[in-house]
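J.: All chains, full assembly: derive it from the sequences and hints.
If you want the building blocks of each chain, they are given just below.
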Amino acid sequence: MALLEVDDLSVTFARRNQRAVHAVDGVSFSVDAGEVVGLVGESGCGKSVTSLAIMGLLPKQPGLRVGGKAVFDGTDLLQLDDRSRRDIRGRDIAMIFQDPLSSLNPVIPIGLQVTEVLTRHRGMKGDAAAKEAAQLLDRVGIPDPKRRLKEYPHQLSGGMRQRALIAMAVACQPRLLIADEPTTALDVTIQAQILELLKDLVRDSGTALVMITHDLGVVAGMCDTINVLYGGRVVETARRRPLFREPRHPYTVGLLGSVPRLDAGRGEKLNPIPGSVRDLLPWADGCAFAPRCTRRVDACVGQPPELVLAHDGRSYRCVNPAPVPGLTPAEAAPVTVAGAADVPVADEPPAPAAGPVPAPREEEKP
Amino acid sequence: MTIISRKKKEKIDRLAELAARDDERGVSLWQEAFRRLRRNPAAMVGAVILGLFVIVSVVGPFLVPYAPEAQHWKDEIRVGFLPGVRAENWFGVDHIGRDQFSRMIVGARQTLLVGVVATMIGLAVGSLIGGIAGAAAGLGGRWGRAVDNVLMRFIDMLLAMPSLLLAISIAAILGAGLTTVMIAVGAVSVPVFARLLRGSMIAQSNSDYVLAATSLGVRKPKIALSHVIPNSLAPVIVQATLTLATAIIEAAALSFLGLGNNDAAIPEWGMMLADAQRYIDIAPRLAILPALGIIITALGFTLLGEAMREALDPKLRK
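Residue numbers (the UniProt record's numbering), protein chains in the order written: chain A, 1 to 366; chain B, 1 to 318.
Hints listed in this document are in silico derivations from the structure and should not be mistaken for laboratory results. Ideal placement from N, C-alpha and C gives every residue a C-beta, glycine not left out. Careful, some of the hints might be misleading.
Claimed, not checked - Example chain B residues on the side facing chain A (calculated, C-beta under 7 Å, incomplete): (1) GLY140; (2) GLY175; (3) THR179; (4) ASP208; (5) TYR209; (6) ALA212; (7) SER215; (8) LEU216; (9) ILE229; (10) ASN231; (11) PRO235.
Said to hold, decoys possible - Computed cross-link-like contacts, SDA-like style, restricted to lysine to any residue with a CA-CA straight-line distance of at most 25 Å: (12) B/LYS222 x A/LYS69; (13) A/LYS60 x B/LEU196; (14) B/LYS220 x A/GLN173; (15) B/LYS220 x A/ARG86; (16) A/LYS131 x B/LYS222; (17) A/LYS150 x B/TRP30; (18) A/LYS60 x B/LEU151; (19) A/LYS69 x B/LEU196.
To be verified - Sample of chain A residues at the chain B side, in silico, Cβ under 7 Å: (20) LEU57; (21) ARG83; (22) GLY90; (23) MET95; (24) SER102; (25) SER103; (26) LEU104; (27) ASN105; (28) VAL107; (29) VAL117; (30) ARG122; (31) MET124; (32) LYS125.
T.: This is the structure we're talking about:
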């Protein structure tokens, strides 16, 4: 049983006299203890809304509908009442936000903000709490923590602020951390440090981590399993290596193709994905990516593409997936994780306009 | 490539250490604002005016040459003549033979007292209502919005009445007197404080750090008290300083209309102004001096208030 099992999560914002917005539309994924799961996609694909929905942090407004299930350790987070949800937040599940400056209260010293969590969930007070807070800051790599406790957020550097936020998030040793673009506001060297820190924390305490990002570099360095989101749906799920080696969904292919590479030839141009998220189809009318897709076929429009399950537990939502780049099944074998059942890779050659191919679900044991 | 000598290195280290020591204690937003305030000349002018005003009103009454209510020069008053500025009466004599200088000094204390107490009343009541409404609207659910609605409609009612009319009605109900003036002037400023704090709190409730605190399971009352309110106070404090100025003017207006204190032993600038209007052609100083007193004090508070607004406004910060 996975630690967090998100099943068919959907978030709809209905507005008066306007078409309802399906920000998240049937997203399912699972997170095991100690695993790092990535949610990847461009702006507006529903990454953040997914995480906020799991935490129950979406602003309560008329017209907001959250459906599906998010089962954490046996309890459905979406069905919890406010009180028990507050108890779980920070203690069992914690979140790290994108912008460390605006996520810290500017008029309160860092120390008070860290001890607040300790007081809330671990009942620590006074000197004990201050001591523990200093230890936490030390653990996330803030030098001279005693002094830093008395400082205000604007006195810390960007990386230091993010470390402080991480310290607050891990204060109660939560079993699940959700990091919503934790490195976007930081420069590259600090990014690397923060990612390293998160990796260490995950390794040392067995915390599961959901990493929300648009940065494929971050994903490549961190995640065990990756869910690529587009238009509020998971369009491809795979473990890290298979995803980068042989992306199947054209969107994933496009994402990978639009990343500048050091080993690219001189003068070689980047391949952006044409169009923008704005020409989104409603999923009910077919694949939302179809208007921008280079591999579009007639079958893309009309009915929503089913999730295709391929070998070694990966799946994608496409009727005309990208071919596996020049790989024979024999070569592909070392890539697959040990223990994966050796179902013949039937759907590997490109099958234009092929209908959804149902494949048996495989168990994967990392 | 040059090699920095050891001496130079030590010097640099020492300087770095000195610079680091400066912010060892942590500079809060308020300290930062205070530092900016000290560099603003308008703020310094306002502060000097207010400093003098406070010293005069606290110490002055013990040092005045004559008792403010004593009519020592009653016999010198004739029709169409009041003793003017002279060695024994620096500001001359008023219409029933009292020393104008002593009355001005003692009146300063009354003015300060009325201004401060009235503002305190407005600030306390307004912040209480605004704080509850702001927390309810920003953090509470449907019930919160209902509470906010009820409170704000009450505030709207207060706001709909012209302030002086409201003050006069309150004074009429409670009867004339110094306490009445304080309550009336305070009541007038309640809606301003309430709306200001509420609006500011609602804006802060949508901020990222509130979301972050919520995501860590901090309870709502705690979030309201220790996160939202401290961040919402700046405009309220600025408004309090500015309200002190209007409170002084309004208190003077109420006294002028005869709703203030009518105890001759306790002079008050607005009342002195009212008394002086009948003699404005023979002794204009009797009206000009209290008027100047009111204007200068109000100016002092306004200068300081505006400077504080600038110092605390995050948008004007560099």
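J.: Does each hint fit the structure? Answer for all of them.
T.: Going down the list of hints, with the structure as the test:
Look at B/GLY140: its Cβ only gets to about 10 Å from chain A, farther than 7 Å, so that hint breaks. The interface hint given for B/GLY175 is violated, since its Cβ lies 43 Å from the closest Cβ of chain A, which is over the 7 Å cut-off. Hint on B/THR179 is violated. Least Cβ distance to chain A is approximately 36 Å, over the 7 Å limit. At about 4 Å, the closest approach between the beta carbon of B/ASP208 and any beta carbon in chain A falls short of 7 Å, and the interface hint on this residue holds.
The beta carbon of B/TYR209 comes within 4 Å of a beta carbon in chain A, closer than 7 Å, and the hint placing it at the interface holds. The interface hint given for B/ALA212 holds, since its Cβ lies 4 Å from the closest Cβ of chain A, which is under the 7 Å cut-off. Nearest Cβ of chain A to the Cβ of B/SER215: about 4 Å, under the 7 Å cut. The hint holds. Interface restraint check for B/LEU216: the shortest CB-CB distance to chain A comes to about 4 Å, inside 7 Å, so the restraint holds.
Among the interface hints, the one on B/ILE229 is violated; its C-beta lies about 10 Å from the nearest C-beta in chain A, farther than the 7 Å criterion. Interface hint at B/ASN231: satisfied, since its Cβ lies 6 Å from the closest Cβ of chain A, which is below the 7 Å cut-off. For B/PRO235, the shortest C-beta to C-beta distance to chain A is roughly 13 Å, which exceeds 7 Å, and the interface hint is violated. Restraint check for B/LYS222 and A/LYS69: the C-alpha separation of about 30 Å exceeds 25 Å, so the hint is violated.
Between A/LYS60 and B/LEU196 the alpha-carbon distance is near 24 Å, which keeps this suggested pair within the 25 Å criterion. Taking the CA atoms of B/LYS220 and A/GLN173, the gap is about 22 Å. The hint holds against a cut of 25 Å. Only pairs whose Cα atoms come within 25 Å are accepted, and B/LYS220 paired with A/ARG86 is accepted, the gap being roughly 10 Å. Of the supplied pair hints, the one linking A/LYS131 and B/LYS222 holds, its CA atoms being roughly 22 Å apart against a limit of 25 Å.
Of the supplied pair hints, the one linking A/LYS150 and B/TRP30 holds, its CA atoms being roughly 15 Å apart against a limit of 25 Å. Simply put, A/LYS60 and B/LEU151 have alpha-carbon atoms about 22 Å apart, close enough for the 25 Å limit, and the pair holds. Of the pairs offered as hints, the one joining A/LYS69 and B/LEU196 is violated, with about 41 Å between alpha carbons and a cut-off of 25 Å exceeded. With its C-beta approaching chain B no nearer than about 6 Å, A/LEU57 sits inside the 7 Å limit, and its interface hint holds.
At a threshold of 7 Å, the smallest CB-CB gap from A/ARG83 to chain B is about 9 Å, leaving the interface hint violated. Annotation: interface hint on A/GLY90 holds; nearest CB of chain B at approximately 3 Å, less than 7 Å. For A/MET95, the suggested interface contact is upheld, since its CB lies about 4 Å from the closest CB of chain B, less than 7 Å. For A/SER102, the interface hint holds, the least distance from its beta-carbon to any beta-carbon of chain B being 4 Å, beneath 7 Å.
Interface restraint check for A/SER103: the shortest CB-CB distance to chain B comes to about 4 Å, inside 7 Å, so the restraint holds. Interface hint status for A/LEU104: upheld, as the beta-carbon distance to the closest one in chain B is roughly 6 Å, under 7 Å. Against a cut-off of 7 Å between C-beta atoms, the interface hint on A/ASN105 holds, since the closest Cβ of chain B lies about 4 Å away. Annotation: interface hint on A/VAL107 holds; nearest CB of chain B at approximately 5 Å, less than 7 Å.
The closest approach between the C-beta of A/VAL117 and any C-beta of chain B is roughly 5 Å, which is under the 7 Å cut-off, so the hint is satisfied. About 11 Å separates the beta-carbon of A/ARG122 from the nearest beta-carbon of chain B, more than 7 Å, and the hint is not met. The criterion of a C-beta within 7 Å of any C-beta in chain B is not met by A/MET124, whose closest approach is roughly 14 Å, and the hint is violated. Given hint, A/LYS125 at the interface with chain B, is violated; its Cβ is 14 Å from that chain's nearest Cβ, farther than 7 Å.
Of the numbered hints listed earlier, those contradicted by the structure are 1, 2, 3, 9, 11, 12, 19, 21, 30, 31, 32.
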